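Can you build the whole structure from these sequences, using the hints too?
Number of protein chains: 2
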Amino acid sequence: MTRRLEQQIAFLNEADKLKSINRATTLCDGTRAENSAEHSWHLTLYALVLADQAGPDVDITRVIKMLIVHDLVEIDAGDNPIYGTFDQSAVDKQEQAAADRIFGLLPNDLGDDLRAVWEEFEANTTPSARFAKSLDRFQPPIQNLMSNGGSWVEYNVTEDQIARQVGSKIAAGAPGLWAFARTRIAAWFAARNQG
Amino acid sequence: MTRRLEQQIAFLNEADKLKSINRATTLCDGTRAENSAEHSWHLTLYALVLADQAGPDVDITRVIKMLIVHDLVEIDAGDNPIYGTFDQSAVDKQEQAAADRIFGLLPNDLGDDLRAVWEEFEANTTPSARFAKSLDRFQPPIQNLMSNGGSWVEYNVTEDQIARQVGSKIAAGAPGLWAFARTRIAAWFAARNQG
Chain W
1 MTRRLEQQIA FLNEADKLKS INRATTLCDG TRAENSAEHS WHLTLYALVL
51 ADQAGPDVDI TRVIKMLIVH DLVEIDAGDN PIYGTFDQSA VDKQEQAAAD
101 RIFGLLPNDL GDDLRAVWEE FEANTTPSAR FAKSLDRFQP PIQNLMSNGG
151 SWVEYNVTED QIARQVGSKI AAGAPGLWAF ARTRIAAWFA ARNQG
Chain P
1 MTRRLEQQIA FLNEADKLKS INRATTLCDG TRAENSAEHS WHLTLYALVL
51 ADQAGPDVDI TRVIKMLIVH DLVEIDAGDN PIYGTFDQSA VDKQEQAAAD
101 RIFGLLPNDL GDDLRAVWEE FEANTTPSAR FAKSLDRFQP PIQNLMSNGG
151 SWVEYNVTED QIARQVGSKI AAGAPGLWAF ARTRIAAWFA ARNQG
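Sequences listed follow chains W and P, in order. According to this note's numbering, numbering within the first sequence proceeds without interruption in unit steps and concludes at 195. According to this note's numbering, numbering within the second sequence proceeds without interruption in unit steps and concludes at 195.
Calculated from the structure, these hints are not laboratory results. Source: prediction; values computed, not measured. Fair warning: there could be bad hints in the mix.
What the hints assert, rightly or not - Quick list of in silico lysine-lysine cross-link-like pairs, DSS-like style, CA-CA up to 30 Å: (1) K169/W with K17/P; (2) K17/W with K169/W; (3) K17/P with K169/P; (4) K17/P with K93/P; (5) K17/P with K17/W; (6) K93/W with K17/W; (7) K93/P with K169/P; (8) K17/W with K169/P.
Here you go:
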């Protein structure tokens, strides 16, 4: 039992490194980059608060589990900003290797369980995964609207790009959230183009 | 429906401020103070990974909900380091006022629900609340052991103080975790006293 607990604690200490992985998105006040650990916490709160935007087949408890573990692989693979340029198949390989190592720190039963939660999120095919992914795509534009453009400005993103690269994924799991974000994004770009 | 969603998003944007509330504990690598948002995320992962340390009456889904919202009041009331000196009744008043304001941003049904989750955590009487509180008390010593003493050094804390102020709370909800931590804390203090 002590050996098991030592493995569990070793995993939790390794997970601490997610607090040092920075994302392209800033805090709402724009003062600094958001890290992937606090982002993951924020998304679990999004899931609790926006559960009424989920379809009837979504299991919110499962969604929250996915959001807790969804970015752990970034400890090895880093965060890939959605508007950056990267080789998706290379990223996938890095993330699979990261999942092998990181979930492999756990006792087998626990490691297999959390790996399956992460794989479900990544595959993005179940209703719960699609809702979790929608929240993961919905939060950055909400933060950007608060921080006067945030990563849109940094990456010189167009309104059309947002609709294609982010809007489609939000709409797939939470159409009401995309309807909400889209009008506000349009207003932000309209104001900017006038300014 | 739009008004409801606007309230939900206003609450989520307000919650972003928890990422700027620093705690006495540092990251495992000691490079900076941990903030309360990433701490909250880490605790939800502790709950997933250490669920086998919970008693039979503990509802892990409820534990995770408590851990997601447990520190939100710090946005107004700040974090009170466990080894610092403060007036507990004044803190309780500040935190109640903070809960009124912050959960009050939500539509009533949602605000009442999350407020009840937070009150359950604070009251620390149900098996789920006691387990959640144990994790909240267990994580800082685990981080301190990684960061060469962390807040114990800063606050000049004794082994006996840890047992009284932290150990008793960990043991109340997760005796196996306190047994694990106690021996490692004893070894750390023994090595330090020799050094």
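Which numbered hints turn out to be false for this structure?
-> Hint check: nothing fails, all pass.
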